[in-house]
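Please put together the full structure from these sequences, using the hints given.
With the numbering used here applied, the sequence shown corresponds to residues -6 to 135, in that order.
Just so you know, nobody snuck in bad clues.
For lysine-lysine, the following DSBU-like pairs were computed, each having C-alpha atoms within a straight-line distance of at most 30 Å:
| no. | residue 1 | residue 2 |
| --- | --- | --- |
| 1 | 9 | 92 |
| 2 | 106 | 129 |
| 3 | 106 | 7 |
| 4 | 126 | 80 |
| 5 | 9 | 61 |
| 6 | 106 | 9 |
| 7 | 129 | 80 |
| 8 | 7 | 126 |
| 9 | 129 | 108 |
| 10 | 61 | 80 |
| 11 | 108 | 9 |
| 12 | 92 | 126 |
| 13 | 9 | 129 |
| 14 | 126 | 9 |
| 15 | 7 | 92 |
| 16 | 108 | 7 |
| 17 | 7 | 61 |
| 18 | 106 | 126 |
| 19 | 92 | 106 |
Hints in this document: simulated from the structure, not taken from any laboratory.
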Amino acid sequence: MRRREGVFTCPLWKNKILLIWPDYAPDVPDLAGGGIDEGETEVAANEREFFEETGFMVSFGQMTPLQKFDQEVLFYADVQNEFWIYKQTYYLFDQNLDKIYFSGERDTPENGKMKWVNVEDIQNLPIHFMHQKALKMFDLMG
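In structure tokens:
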């Protein structure tokens, strides 16, 4: 089993969270994020992953997160056909997000969908199990 680190972003704006519905699991919303590449900083990975998954370039390194949450999970990476001990860091940002806010649903660069969802509606969604704990720690999910 190999170790892997990842970083995820929870953007909170106007009492809404930006969620991604990836094309490979269109019924299970995610937070934008993913693995940190070798030699890459956490901030650089966060900005790269957010851009890859949303198409928005955001300078998270110039922001102070409202909260941070770390967890370690066992994860099966089906593309690589291997299990990981996956250390994940989640950031909750609630500032300077007006440039990326939009109404309705949009396509993502990776063929999924994205949408700003009311915080009150999040508990009714089948959010990916790895991301639920972070949302609960951020008091965004019951």
